[in-house]
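6 protein chains.
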Amino acid sequence: MDTWLDSLITETPQQGFELAITLSRRGVKYTQPDPEVLKELRAHYANSAEGLTAASHVVALNFQTVAAANNYWRK
Amino acid sequence: MDTWLDSLITETPQQGFELAITLSRRGVKYTQPDPEVLKELRAHYANSAEGLTAASHVVALNFQTVAAANNYWRK
Amino acid sequence: MDTWLDSLITETPQQGFELAITLSRRGVKYTQPDPEVLKELRAHYANSAEGLTAASHVVALNFQTVAAANNYWRK
Amino acid sequence: MDTWLDSLITETPQQGFELAITLSRRGVKYTQPDPEVLKELRAHYANSAEGLTAASHVVALNFQTVAAANNYWRK
Amino acid sequence: MDTWLDSLITETPQQGFELAITLSRRGVKYTQPDPEVLKELRAHYANSAEGLTAASHVVALNFQTVAAANNYWRK
Amino acid sequence: MDTWLDSLITETPQQGFELAITLSRRGVKYTQPDPEVLKELRAHYANSAEGLTAASHVVALNFQTVAAANNYWRK
Chain A
2 MDTWLDSLIT ETPQQGFELA ITLSRRGVKY TQPDPEVLKE LRAHYANSAE GLTAASHVVA
62 LNFQTVAAAN NYWRK
Chain B
2 MDTWLDSLIT ETPQQGFELA ITLSRRGVKY TQPDPEVLKE LRAHYANSAE GLTAASHVVA
62 LNFQTVAAAN NYWRK
Chain C
2 MDTWLDSLIT ETPQQGFELA ITLSRRGVKY TQPDPEVLKE LRAHYANSAE GLTAASHVVA
62 LNFQTVAAAN NYWRK
Chain D
2 MDTWLDSLIT ETPQQGFELA ITLSRRGVKY TQPDPEVLKE LRAHYANSAE GLTAASHVVA
62 LNFQTVAAAN NYWRK
Chain E
2 MDTWLDSLIT ETPQQGFELA ITLSRRGVKY TQPDPEVLKE LRAHYANSAE GLTAASHVVA
62 LNFQTVAAAN NYWRK
Chain F
2 MDTWLDSLIT ETPQQGFELA ITLSRRGVKY TQPDPEVLKE LRAHYANSAE GLTAASHVVA
62 LNFQTVAAAN NYWRK
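Chains as they are written, first to last, in this note's numbering: chain A, 2 to 76; chain B, 2 to 76; chain C, 2 to 76; chain D, 2 to 76; chain E, 2 to 76; chain F, 2 to 76.
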């Protein structure tokens, strides 16, 4: 697989949150690498309250990791 | 996307809790950005015990992050 | 919204656990503020093994936060 | 409610694990205090793979808290 | 109950992972101690993708605890 | 069982993420060691939005552990 994750450090919390989203999607992609299948499934869960909450749940976990890595962007 | 997250630091725990709610909703919005779809889905899960508990679950995870960032607002 | 969370610090672990319950309920209330709807839903999940385990799950997460805030009430 | 949680400190990891079980059950009891209802529901989920895994899940979270409180019983 | 957990310290990460599996199973056993029932339920969830993922989920949580206890086996 | 986990330390965050995937799969394999059954189940959940999100969830938890072990690969 190509290099997609060089560092957990980001400049801002928002960039960290967006990295958490990337991590969550990569967690899916390692199991199901076919982009066509992923596209079809996303259409499904993006219209399901349960699917969206579950997605936000995984993002929250990955954001915990990224935020800790960045010492919570404390100044 | 616009800037919506500048800092994890809040003055009070309650503001931190409310930030956790924002983070939870943003986790959803990155997957489903259409406000009409979100409005319709919210009407659904806001009347479901399972949906509400799942929402509170994600808030709890994000509150862990925000609370740690603020050193738990210890004085 | 009124002020409901001034501090995460409690005198005893049990008070901390009860604060974790408050946090869990507030996580629900921000999504569904109508007390009538909440009352009806509670009657439902309070009689469901899955609903009760899910509630205890959220309490456990919030208790992690409150316990860390209080340095685990170590003497 | 009576006093049921004086301290998170235990002598051994096993006692800590058993305290985690107590915390998990108390998380349920605050939502559903009726012992008759709890007894009936336990008969149900104690015979369900999903129910038992969910129970073990909550115990794992509370054990994280108790283990951290005890500095993992390192000698 | 007999003594089954003397320490969270293990020599290697793999032994720590196996201890996390033990903790996960014990979390089940405290709720359902009957070995015959457990055997039957295991036959069920060991053939279910959802059941296996849920089991791996609990192991991941317990491994977090064991890994922290061992300072991640850093040398 | 053979030795499969010598260390939680990796050179890069991406290798750490891939180790988290290995840990998640091993968590399954300890419960269901039959490769034929696993292959069949994977075909199923790799085409299910819920199954993939649940898999990504477990990866996120194991990545928390691996990232902490590596001090988040901070330089």
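Heads up, a few of these hints could be off.
Note: identical chains are not told apart, hence a pair may lie in one copy or across any two.
Straight-line Cα separation of at most 20 Å, EDC-like style, residue types lysine to aspartate or glutamate; simulated pairs [what the hints assert, rightly or not]: (1) K30 - D3; (2) K76 - D7; (3) K30 - D7; (4) K76 - E41.
Don't read these hints as lab results, they were simulated from the structure.
Fair warning: this is a prediction, and the values are worked out from it, not measured in the lab.
Hint check:
1. Taking identical chains as interchangeable, the C-alpha atoms of K30 and D3 lie at most 20 Å apart only when both belong to the same chain, with a minimum of 13 Å there against 27 Å between chains.
2. Taking identical chains as interchangeable, the C-alpha atoms of K76 and D7 lie at most 20 Å apart only when they sit on different chains, with a minimum of 12 Å there against 23 Å within one chain.
3. Taking the shortest alpha-carbon separations for K30 and D7, only the intra-copy value of 18 Å comes in at or below 20 Å, while the best inter-copy value is 26 Å.
4. When the C-alpha separation of K76 and E41 is checked against a cutoff of 20 Å, the pair qualifies neither within a copy, at 42 Å, nor between copies, at 40 Å.
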